[in-house]
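Each chain is listed here by its residues.
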Amino acid sequence: MFDAIKVRIKQGKQYISDVKRAEINPKFRGFPKLDDKTCTRCDNCAGVCPSGAVTVNTLKIDMGKCTFCGDCQRACPNQSIQFTNFHKLSADRREALIVNENTDPNQYTVDAVQSRHEIKRLFGRSLKLRSVSAGGCNGCELELNACSNVNFDMTRFGIEIVASPRHADGIVITGPVSENMAYALEDTLLAVPSPRIIIAMGTCAISGGVFQNSPALNRKFFDKYKIDLYVPGCPVHPLTFVNGILRFLGR
Amino acid sequence: MSWAVTGNNQTIELASIPVKTPAELCTEFIEQCRRGARPVAFFGHKLSSGVRLFVILANDPRSELMASSATFAEGEKSYPSITGEIPAFHLFEREFYEETGIRPEGHPWLKPVRFSHNRADRSAKMADYPFFKVEGESVHEVGVGPVHAGVIEPGHFRFMCSGEKVHHLEIHLGYQHRGIEPAMADGSIWKKSKLVESIAGDSAIANSLAYSSLLESTAGIEVSARATAIRTLALELERVALHMSSMSGLCGDVGDLTGSTFFGATRTYVINSLLDICGSRFGYSLIRPGGVNFNIDAELSAKLLKTLEMVRERVFLIGERTFNMPGVLSRFQHTGIVDGKTAEQINMVGITARASGLKRDIRADHPFGFYRLYPAYKLTLDSGDVFARAYMRYLESKRSLGYMIDLLSGLPPGGQLLAERGSLKPDSMTVSMVEGPRGELVHVMITGANGEAVRYKFKDPSFNNWFGLALAVRGEGVSDFPICNKSFDLSYCGYDL
Numbered sequence: 001m002f003d004a005i006k007v008r009i010k011q012g013k014q015y016i017s018d019v020k021r022a023e024i025n026p027k028f029r030g031f032p033k034l035d036d037k038t039c040t041r042c043d044n045c046a047g048v049c050p051s052g053a054v055t056v057n058t059l060k061i062d063m064g065k066c067t068f069c070g071d072c073q074r075a076c077p078n079q080s081i082q083f084t085n086f087h088k089l090s091a092d093r094r095e096a097l098i099v100n101e102n103t104d105p106n107q108y109t110v111d112a113v114q115s116r117h118e119i120k121r122l123f124g125r126s127l128k129l130r131s132v133s134a135g136g137c138n139g140c141e142l143e144l145n146a147c148s149n150v151n152f153d154m155t156r157f158g159i160e161i162v163a164s165p166r167h168a169d170g171i172v173i174t175g176p177v178s179e180n181m182a183y184a185l186e187d188t189l190l191a192v193p194s195p196r197i198i199i200a201m202g203t204c205a206i207s208g209g210v211f212q213n214s215p216a217l218n219r220k221f222f223d224k225y226k227i228d229l230y231v232p233g234c235p236v237h238p239l240t241f242v243n244g245i246l247r248f249l250g251r
Numbered sequence: 001m002s003w004a005v006t007g008n009n010q011t012i013e014l015a016s017i018p019v020k021t022p023a024e025l026c027t028e029f030i031e032q033c034r035r036g037a038r039p040v041a042f043f044g045h046k047l048s049s050g051v052r053l054f055v056i057l058a059n060d061p062r063s064e065l066m067a068s069s070a071t072f073a074e075g076e077k078s079y080p081s082i083t084g085e086i087p088a089f090h091l092f093e094r095e096f097y098e099e100t101g102i103r104p105e106g107h108p109w110l111k112p113v114r115f116s117h118n119r120a121d122r123s124a125k126m127a128d129y130p131f132f133k134v135e136g137e138s139v140h141e142v143g144v145g146p147v148h149a150g151v152i153e154p155g156h157f158r159f160m161c162s163g164e165k166v167h168h169l170e171i172h173l174g175y176q177h178r179g180i181e182p183a184m185a186d187g188s189i190w191k192k193s194k195l196v197e198s199i200a201g202d203s204a205i206a207n208s209l210a211y212s213s214l215l216e217s218t219a220g221i222e223v224s225a226r227a228t229a230i231r232t233l234a235l236e237l238e239r240v241a242l243h244m245s246s247m248s249g250l251c252g253d254v255g256d257l258t259g260s261t262f263f264g265a266t267r268t269y270v271i272n273s274l275l276d277i278c279g280s281r282f283g284y285s286l287i288r289p290g291g292v293n294f295n296i297d298a299e300l301s302a303k304l305l306k307t308l309e310m311v312r313e314r315v316f317l318i319g320e321r322t323f324n325m326p327g328v329l330s331r332f333q334h335t336g337i338v339d340g341k342t343a344e345q346i347n348m349v350g351i352t353a354r355a356s357g358l359k360r361d362i363r364a365d366h367p368f369g370f371y372r373l374y375p376a377y378k379l380t381l382d383s384g385d386v387f388a389r390a391y392m393r394y395l396e397s398k399r400s401l402g403y404m405i406d407l408l409s410g411l412p413p414g415g416q417l418l419a420e421r422g423s424l425k426p427d428s429m430t431v432s433m434v435e436g437p438r439g440e441l442v443h444v445m446i447t448g449a450n451g452e453a454v455r456y457k458f459k460d461p462s463f464n465n466w467f468g469l470a471l472a473v474r475g476e477g478v479s480d481f482p483i484c485n486k487s488f489d490l491s492y493c494g495y496d497l
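Sequence order for the protein chains is A and B.
For reference, each letter of the first sequence is one residue, going 1 to 251 in my numbering.
For reference, each letter of the second sequence is one residue, going 1 to 497 in my numbering.
These are calculated hints, taken from the structure and not from any lab test.
The model shown is predicted, which means the values in this text are computed figures rather than measured ones.
Glycine residues also receive a C-beta, built at the ideal position from the N, C-alpha and C atoms.
Incorrect hints may appear among the rest.
What the hints assert, rightly or not - Where chain A lies over chain B, by a calculated footprint (3+ residues, C-beta under 8 Å):
| # | stretch |
| --- | --- |
| 1 | 140-151 |
| 2 | 272-284 |
| 3 | 309-319 |
| 4 | 363-375 |
| 5 | 446-452 |
| 6 | 476-486 |
To be verified - Selected chain B positions facing chain A (in silico; Cβ < 10 Å):
| # | residue |
| --- | --- |
| 7 | S123 |
| 8 | M126 |
| 9 | P130 |
| 10 | P182 |
| 11 | A185 |
| 12 | D186 |
| 13 | K192 |
| 14 | I199 |
| 15 | S248 |
| 16 | R267 |
| 17 | R288 |
Claimed, not checked - Computed, partial: chain B to chain A, Cβ under 8 Å:
| # | residue |
| --- | --- |
| 18 | H107 |
| 19 | F115 |
| 20 | P154 |
| 21 | L195 |
| 22 | S198 |
| 23 | C493 |
Could you build the full structure based on these sequences and the hints that come with them?
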């Protein structure tokens with residue numbers, strides 16, 4: 001009995017009160033700041049990149065392929081690539097994820113996700129999602145779980161992970177979609193009643209990430225269905241996910 | 001000599017490994033296993049013609065590994081199975097058959113392991129697999145997955161029940177298969193850090209540590225004491241993080257919401273400590289061959305120390321509360337028992353094996369990293385039930401936190417954090433084992449004539465332990481499955497690779 005009370009007192013306040021303004025530790029690798037003028041096209045960055053996310057003819061990073069490992073930053077002799085802790089990385093178009101030196105992070109957040117009136121009307125006050133892990137490493141899955149824990153608590157915004165696709169307004173895909181999971185992924189989507197949305201969470205889901213050249217994947221799903229929201233990260237930080245959805249819902 | 005003797009993180013010449021006929025080799029390892037050795041790796045390596053089977057056995061009390069091999073000529077398609085004599089080989093033989101098509105004659109259950117992309121028989125489809133059937137008047141089946149009700153990785157579980165009681169559980173895996181083993185031998189082996197970290201996010205540090213130690217041993221690279229200490233600290237953080245996550249799930253599954261949220265919030269402190277060190281809550285990018293990418297300076301060290309002391313206080317408090325609650329204990333105790341004899345027979349490893357009384361811990365048996373200087377001690381419990389596995393997580397977390405606090409109080413002074421790469425020894429074999437959060441991870445690399453990796457083999461602890469879960473739920477109610485499952489807390493992607 002006394003232990004139970006002590007636990008309650010010790011737990012204290014855990015939730016992040018203002019999710020929109022919260023910042024992550026400066027060491028976190030989020031939005032990359034690029035400097036094309038100091039880049040000498042030495043190609044060291046592209047040489048060490050495990051997923052082919054960097055191109056140097058004009059310095060660009062595709063956040064849909066980037067694993068945010070920071071190897072390019074460490075390999076660059078001129079500090080032309082610097083990962084910042086800016087975490088609002090979501091986009092509603094695949095091409096928006098490719099950033100260059102002119103991309104300003106704050107402007108990026110505004111431009112990359114266009115709040116649509118119909119989305120706000122349909123899901124603005126309540127969005128129920130079903131998670132489909134398809135070849136994921138359990139990193140994004142654990143972070144998606146963390147979105148509902150006492151720290152990030154996205155349920156307060158009416159965003160919830162539900163147990164059945166029949167109860168859901170859309171699905172969240174994590175992982176590069178293995179051959180063995182391709183059928184179950186599509187089947188789950190079809191079990192969600194329309195209108196429905198599709199969210200690709202994490203670099204693997206967006207582009208295949210480090211697995212993009214593996215013959216054991218089957219990514220036909222992405223040719224067939226339109227993705228409504230891309231949330232980059234490896235793994236996606238809960239604040240990136242929650243803020244991405246809030247922006248998508250026009251809130 | 002029938003066996004080449006080696007050890008954890010030691011490189012031996014390929015030529016020193018004996019080559020036997022399959023029949024001779026089988027007799028050899030039956031004898032060794034009867035004397036107490038156990039298999040840690042068993043895999044085929046395709047040659048220009050035929051297949052060479054490598055077997056590595058561990059002799060835990062002597063901290064030794066023994067390696068031997070046998071060759072199968074082109075067209076030699078079977079050998080006598082040893083699973084009947086030594087059940088520990090059952091999954092290794094299934095995996096070997098799936099990948100090479102060489103049949104262990106007399107194996108009781110040759111089910112494909114993961115329907116891997118490079119399987120020998122591409123016509124075997126996951127959806128066509130015939131499950132076990134139990135027949136009778138009150139018998140029914142419950143099928144769950146691959147898409148589950150929570151945010152979990154995919155796997156299919158099929159329960160054959162009589163009323164509420166589970167007669168048999170068949171676990172069907174392979175949905176997470178991404179073909180990592182062939183990808184390791186494709187292109188420069190030095191560039192695979194990120195791929196290795198992506199095998200299983202919750203064991204990223206353990207896997208990258210095994211991979212890096214393996215390359216360092218093969219290339220003769222010395223890692224500084226400070227880098228070694230930082231790696232060991234990260235590995236213990238990863239361990240506590242997974243234990244907290246499992247405990248949170250277990251409490252949630254028995255309706256103890258306070259325990260669930262408290263353990264969950266405690267985990268956040270632990271993984272945020274990893275974020276403080278290297279910018280990733282899962283320790284991605286921290287460990288690279290040659291050392292570590294990030295230092296822990298005096299300021300960070302003081303901050304981590306403070307956090308870990310607070311976490312230890314939290315763990316004490318919630319542990320003492322949870323394991324004194326009758327509501328929790330009545331669900332945990334005597335549920336999902338795997339006795340020590342069974343655990344040994346099926347070759348369970350890691351924390352779940354220790355909860356069944358098996359004294360197996362790579363940190364103590366085949367020490368690596370900082371454990372060589374500052375040893376870790378084994379903890380075991382005997383009852384083998386959900387309670388034992390949960391309580392082990394509590395005990396190990398406390399022990400790990402103590403270890404980390406000691407380590408941080410005396411971090412070895414600065415030195416080189418990341419050593420230069422060398423060249424890999426050609427025609428060699430190296431074995432690297434790490435005690436990850438779930439148990440032993442085994443990485444084996446074989447190099448070719450130019451020092452390139454020609455075969456890279458993984459064994460995740462979950463590979464050993466999934467079958468333990470299937471045995472644990474026998475005779476239990478279907479509704480006890482979630483806590484049995486969570487008490488094992490195994491990796492799907494680590495098994496499926």
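Hints, one by one, checked against the model:
1. With 5 residues carrying a beta carbon less than 8 Å from a beta carbon of chain A, the stretch 140-151 of chain B meets the three-residue requirement, and the given coverage holds.
2. With 10 residues bearing a CB less than 8 Å from a CB of chain A, the stretch 272-284 of chain B meets the requirement of three and the coverage assertion stands.
3. Requiring three or more residues with a Cβ within less than 8 Å of a Cβ of chain A, the coverage given for the stretch 309-319 of chain B holds, as 4 such residues are present.
4. Beta-carbon proximity to chain A at under 8 Å applies to 0 residues in the stretch 363-375 of chain B; the threshold of 3 is not reached and the given coverage is violated.
5. With 0 residues bearing a CB less than 8 Å from a CB of chain A, the stretch 446-452 of chain B misses the requirement of three and the coverage assertion fails.
6. Taking a C-beta to C-beta cut-off of 8 Å, the stretch 476-486 of chain B contributes 0 residues in contact with chain A, too few for the three needed, and the coverage statement is violated.
7. Checking B/S123 against chain A: minimum C-beta separation of about 14 Å lies over 10 Å; hint violated.
8. Interface restraint check: B/M126 against chain A, minimum CB-CB distance 5 Å, threshold 10 Å, status holds.
9. Of the supplied interface hints, the one on B/P130 is violated, with its beta-carbon coming no nearer than about 17 Å to a beta-carbon of chain A, more than 10 Å.
10. A cut of 10 Å between beta carbons decides the hint on B/P182: the least distance to chain A is about 8 Å, and the hint holds.
11. At about 13 Å, the closest approach between the beta carbon of B/A185 and any beta carbon in chain A exceeds 10 Å, and the interface hint on this residue is violated.
12. Look at B/D186: its Cβ gets to within about 8 Å of chain A, closer than 10 Å, so that hint holds up.
13. At about 8 Å, the closest approach between the beta carbon of B/K192 and any beta carbon in chain A falls short of 10 Å, and the interface hint on this residue holds.
14. With its C-beta approaching chain A no nearer than about 7 Å, B/I199 sits inside the 10 Å limit, and its interface hint holds.
15. Interface restraint check: B/S248 against chain A, minimum CB-CB distance 8 Å, threshold 10 Å, status holds.
16. Against a cut-off of 10 Å between C-beta atoms, the interface hint on B/R267 holds, since the closest Cβ of chain A lies about 8 Å away.
17. Hint status for B/R288: holds, given a least beta-carbon distance of 9 Å to chain A, under 10 Å.
18. At about 23 Å, the closest approach between the beta carbon of B/H107 and any beta carbon in chain A exceeds 8 Å, and the interface hint on this residue is violated.
19. Taken as an interface hint, B/F115 checks out: its beta carbon lies about 6 Å from the nearest beta carbon of chain A, inside 8 Å.
20. Evaluation of the B/P154 hint against chain A yields a held restraint, the C-beta minimum of about 6 Å falling below 8 Å.
21. The closest approach between the C-beta of B/L195 and any C-beta of chain A is roughly 5 Å, which is under the 8 Å cut-off, so the hint is satisfied.
22. The interface hint given for B/S198 is met, as the beta carbon of that residue sits about 5 Å from the closest beta carbon of chain A, less than 8 Å.
23. Satisfaction of the interface hint for B/C493 is found here, the shortest Cβ-Cβ separation to chain A being roughly 5 Å, below the 8 Å cut-off.
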